[in-house]
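Q: Listed below, chain by chain, are the residues.
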Amino acid sequence: MIGRSNSSSLVVKDYTVIQVKTSERSHASHCLFVKEHASAHNRVEWPKGRTLIVYNVPPYCKEENIRLLLKDCGEIMRVFLQPKSSIAPMKTASLSKTPKTVQVAYVVFKKPTGVRNACSFSFDTVHFICDQETPLRTGLRGYIEDYRNIPDVTAMEKESEKFMDDYFKTKDEEDKKEKEKAGQPDEEGFIKVTRHGKNKGGKRTEDNQKKGHEHIRKRNKKNELKDFYSFQFRETKRKHILELQAKFEEDKKRVKEMRQARKFRPY
Amino acid sequence: MKRKLTTEENVQTPLSNDITDQVSSKNIKKAKNKNHDFSTEEIQRLKETEALFHSSLFRLQVTELLKEVSVNQNFNSSVKECITKLQDILTSLPAGKTHKIADKEWLQSLGIQIPFLEKPERVKGSFQFLPPTEVRLTGSMTLDTIVKPNLIVDLVLQMPKACFEPKDYLNQRYVRKRALYLCVVASHLSKNKQIEDLKFTYMMSNPYKPVLLLTIKVTEKRKLQFRLLLEPEENIFKLSRFELSKNNVRPNWFLGKDSESKEDFLPATPFYNSSILNDLTLKVNDQFIADVLKDSEGVRDGIILLKVWFRQRELLTGFGSFSSFILTAYVASLIMLKKINKMMNSYQVFRTTILHLSKADWIAEPPTLSEGISPRVFPTTDEYGGATSCVFVDRTGFYNMAYMISSSIFARVKDEAALALTTLDQHHSSSFDVLFMTPVSFARKFDHVFHITTSSAVKECMSSKIKEFTSRDIDFAGHSNIVVSHYILQILLKALEKRVSLVQQESCTCPEWKISEKAFNFDSIRLLTFGLVLNVSNAFNVLDKGPPADLTEAKEFREFWGEKSEIRRFKDGTIHEAVLWSESSKQSDRRLVCKKIVQHVLSKHYGISKDSVQYMEGKLDSLLHLNVSSKEARDEYGTGEEQSLSVLRSFEELNRVIRALSSIPLAIHSVSGIHPVFRHTEVFPALTAANVTKEMDVEKNHIVPKEGKPLPQFVPPLDVICMLESSGKWPEDVDAIQHMKTLFHIKIGNELKEKHFYSVSIHSSHVDVLKDGYVFRIKIVNTKELAVLRTHKTDDGMVKFRETDESLALEREIIALPYITSLLHGIQQENPAFSSTVRLCKRWIAAQMVWDFLPEIVIELLVAYIFISPYPYTAPGSPCNGFFRFLHLVSTFNWKTDPLMINLNKEFTEEDFSTIPKEFTKHRATLPCMCLVTPQDKQGTKWTRPNPTEPFLQRLIVLARESLKIVEAQVMLQTASADFKLIFRPPLGHYDLIIRLLKKVNVNRYQAVDAKKDVCVNLPDKSQKQPIPLVGFNPVRLFVQDLRSVFGDFAMFFHDTFGGDVIGVVWKSQAFEKKDFATSHFNYRKPSVNKDETVSLMTEKECILEDIRVMGGGIVESITVPSEA
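Going down the list, the sequences are from chains A and B. In this text, residue positions in the first sequence follow the numbering used here: the first is 1, and each later residue adds one. In this text, residue positions in the second sequence follow the numbering used here: the first is 1, and each later residue adds one.
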């Protein structure tokens, strides 16, 4: 399970452990777990053999820090940083700020050797994820930089307008398609009732369905005669007693609970 | 057969015997006929409960309570045993020698001090001890109404006639002999080995009536406490000798003047007389009451309930309060009046008595036990009324049993009774708890509490100013403090008048002392404690308007108020005498008007200096003060109520502008503020932003922070939501709605900027607008988004609506929060103390560094509950008081078994009160640990999910309980330290790590509990157009949030959001266990090889610490392990 291959790298269950530090002065090193990305779902973004997956990436790590760390392994095409591993690359949410977490990085190399080189990193040498040119943007400096990044309103407007245009376009198309389909029997000869056209059916929602049931029940109830037969009268009286009894039992249970919580010691 | 059994509670009109009988017999008949599966008794009990009790739960609870406080058979038998033993010992005591009363040598040789304040010492007459003629049981033991935990059995010893001389009624001779008699009994009993703990105390704190307390060891574990009372043999004095208008203590003797000189004025000594009458009539009244009450379980239980109720209100002990004897006698008098009958159950007896108490006037219509006895010449009620404040005529007709009760206590009892009735009428499930389980402490009952230090100078001043002072002093045997309290109360009532609904002194309770010690002197009480319940509609008036200046009353007014009174011209042109108490109309100053009045009046009339009055109101205000460098700004801010109003005013103007916006295609449905400041609950309401200075970096009309430069003043964004009208045009996709909203934000942002010239900052999720120095954060919302989030389509095409986390969050923000904001705003309009109370509570929560574990709105709702359902009190009139009740509510409410029903806007229906608790019990397991039910949220889960968590709630309960204990002791001056910030400074010792923060990044450090006044705020120049200030930029908070999101699995982080300069860290122990080697456990762990060659993962603390340092660069000063303190 645990193996030390030729070049003093530490491999545990296929994962190579790499120790990294942020500066010479820091006491503790951080362990990254890297492995060739292998998944049943082949994604174009993460080509098989050329993608390295890196676990336990510190929250303050940016793309340039990863690039710095792996710069000697081979040319890097793209780096994906996400809060957790996934099947496909996660969309970066542009509208809401995501909280900082430990990250997972997918690094796509130009050649498969990059992955292999990365997997044979030595455990004993400590690597650095920042240097003079690529400093860490953390702490007060990081917060200040984030704040100074004032959104560009025109770009924002353009993006949203484009999104809305696309949205309405696809929607129109869908509507059109559906309209065309309306009234046409499908392979088995059924005609779908839609909200378009002359005979619109009501929307099939849970509420509407319930309302239907309710209506029937109400009608039945209305036709019933109350307190007509003496047995009915007796029943209502009995029900009343039963209700009282039920309430009594329930209260008794509550009181028992209270007694257990020593709720009856007044002082 | 349409007639239903009495379902409405009709206990107010007493049910006579036959009605009750009728009801029950009917029940039986019906039951037999129709309900075969229930036993008749069962049905009878059910129906009876429905008709005659508050509710079945109430009945069960009462039964449990009675079980808890009543004594068992075992106790009764051991009492009997002890009594026979004591009787034997006492009746066989040997007779003593004859001594002069004033002679103390023989007593000293016994090692006993007389339990009486001998003032003056010399007195005529001689005393000889003779064994008691009778020893009998009295008090609650005879009536079976003895209540735990104070199990004291009262025994009366009858002193033989031969002990007394005919003139003993005069000049305290009788009472001194009585005290001596007790000394002799004590000396004999002290030799008995089974008897221990001999102590003296005053009966009902009456200094004329010492009693002997003793404990008898029955077995090794079981001890019984007895109290020995004394009464003289019958007919030693004529009762008419002690009529209230008569004098039985001669001033010449008392004041040590020449006894031969003629006395032309003999002031009445009603208290002295009544105290002796009490002894003389003890037997008659005891027997009569026992007779009236006998053989009725309901009445007996009712009396026990009354006792518990009184005791919880601290009204059964101390000078001037009620006694269980008076209570019992009152119930007896109600039986005589046929208001109570013996068939009633305990609840009915309780309710009827409370009802009558609430309407009682014991001067105009005093209760009496003397009805139905042959007419004798006894004093009319007028005579009684002149001498005392309450009258309750005894069986003989001579003795006023209520002579001890002070008018202020009686007013309190009436008030409490009325409150109890409202509580019962509310039909809440909690009414039982409110009545019998909640202790009503002095500090929580009274809005304002103050202590007066008495001194001999005060007494001299009073005696020179008040004519009757000396004669009263004579009547109270030289315990001047009793008299002083009386006059202080009187002047307070006159001075405060409409500002208060209750003024009461905390009853001075007489301690117990060993028989070898000196008798307790009321003058040894250093502090007299008073409490005020405010009448909030008048209490904060800054002006007292007197009579027109030209009337004769004006002179009196001037005399009363002294130099404070000025002639003022009013708006309507009239000229009146008036007193102005405060120049400013700030709430923080108005709160202290009553303090000013009390101090002024006491110093003017009684020479009590301001320093001798320790007024507790305002002591916690400093927590809401603004600790900035400029004194001007501090004074103007006060405690911040006005600042909230200033924000609201600016918002009103902006609101109008927004509603008139024309650039968006949809109409604006509503604009509402959802930030706490809009409901007056923001601890530190936003200050106006500072002016732009040269040092600041401005980019695109935004002030931006810059490294290496000091951070500008913190400006919070004030959230406002802008609801658009509903429209079918909204897209049906969440992302599309977001982009749509972005476009709207851009539109209104641009319009506000270009047409109205506001500084704006447009973001995709909101628009920030600067108005009068405040930044309002406007968000466009719509209900369509809610519907989209809820909609869920099943595979077969059915549309279902299911709440998701997102939809719930959105619903809270855009529907529930605006509604609650308006309701809480309404509560503030009615209760000026609401705002400061909430803010004080929030400040306390934050100070405990647990702010982020309890949603803000939860605190607000809890405080709202205190104001809406204040039972057993009335709504708090001062923030301090509200805060104490908040702590009490949090620490004592049974969160596990009950939902807290907050009747916002009184929208609960009768049915809700029964169905909600029922549903709650049914679903308890799936509900959050704290359920705050409102009419809008009948499950009570809206605000308490996911926080607070169960462990947190437990911690909060402990914190609240301990804090309350400390702060109440401080208010009642039981502890020497009076540093009221103590409970706002939690110890740091129990944290695993302490992260100290750099001062310069702690932007709101002026809000800290112990802030140094080093932050500068400057007043804005409103005329000039300012760029958008630095909004919501608080690096410390950002850092804490990041710590939580990154290291939440490993540790918990605690921080005081209001300027706290430390972060407390507690490791989560389960995070440090060995984990299997799996991707889910990679974070912050390192592989380690086990003994069996397998690899597991271990958490690396060092690595986490390193990353905290990296992430806190420029923020963290140091990380230390706290020293155990």
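Simulated from the structure, these hints should not be mistaken for lab results. Hints may contain errors.
Said to hold, decoys possible - Straight-line Cα separation of at most 25 Å, BS3-like style, residue types lysine-lysine; simulated pairs: (1) A:Lys100 x A:Lys48; (2) B:Lys729 x A:Lys169; (3) A:Lys252 x B:Lys67; (4) B:Lys124 x A:Lys169; (5) A:Lys181 x B:Lys518; (6) B:Lys518 x B:Lys191; (7) A:Lys169 x B:Lys67.
Stated by the list, open to error - FRET-style restraints, in silico, Cβ to Cβ: (8) B:Lys694 x A:Ala155: 46 to 56 Å; (9) B:Leu988 x A:Asn117: 15 to 25 Å; (10) B:Lys1075 x A:Ala155: 55 to 65 Å; (11) A:Arg217 x B:Asn905: 27 to 37 Å; (12) A:Val44 x B:Asp805: 28 to 38 Å; (13) A:Ser86 x B:Ser727: 34 to 44 Å; (14) A:Ser86 x B:Ser663: 50 to 60 Å.
What the hints assert, rightly or not - Residues on chain B that point at chain A, a partial pick, calculated with CB under 7 Å: (15) Leu60; (16) Glu64; (17) Glu68; (18) Glu707; (19) Ala736; (20) Leu927; (21) Phe1033; (22) Val1095; (23) Cys1103; (24) Met1111; (25) Gly1112; (26) Gly1113.
We put the CB at the ideal spot given by N, CA and C, even for glycine.
Q: It remains to establish, for every hint, whether it holds in the given structure.
A: Do the hints match the structure? See the list:
no., hint, verdict
1, A:Lys100 x A:Lys48, "violated, 29 Å"
2, B:Lys729 x A:Lys169, "holds, 14 Å"
3, A:Lys252 x B:Lys67, "holds, 15 Å"
4, B:Lys124 x A:Lys169, "violated, 115 Å"
5, A:Lys181 x B:Lys518, "violated, 106 Å"
6, B:Lys518 x B:Lys191, "holds, 20 Å"
7, A:Lys169 x B:Lys67, "violated, 77 Å"
8, B:Lys694 x A:Ala155: 46 to 56 Å, "violated, 31 Å"
9, B:Leu988 x A:Asn117: 15 to 25 Å, "violated, 49 Å"
10, B:Lys1075 x A:Ala155: 55 to 65 Å, "violated, 45 Å"
11, A:Arg217 x B:Asn905: 27 to 37 Å, "holds, 33 Å"
12, A:Val44 x B:Asp805: 28 to 38 Å, "holds, 33 Å"
13, A:Ser86 x B:Ser727: 34 to 44 Å, "holds, 36 Å"
14, A:Ser86 x B:Ser663: 50 to 60 Å, "violated, 41 Å"
15, Leu60, "holds, 4 Å"
16, Glu64, "holds, 5 Å"
17, Glu68, "holds, 4 Å"
18, Glu707, "holds, 6 Å"
19, Ala736, "holds, 5 Å"
20, Leu927, "violated, 15 Å"
21, Phe1033, "holds, 6 Å"
22, Val1095, "holds, 5 Å"
23, Cys1103, "holds, 4 Å"
24, Met1111, "holds, 5 Å"
25, Gly1112, "holds, 6 Å"
26, Gly1113, "holds, 3 Å"
Hint check: violations occur at hints 1, 4, 5, 7, 8, 9, 10, 14, 20; the rest are consistent with the structure.
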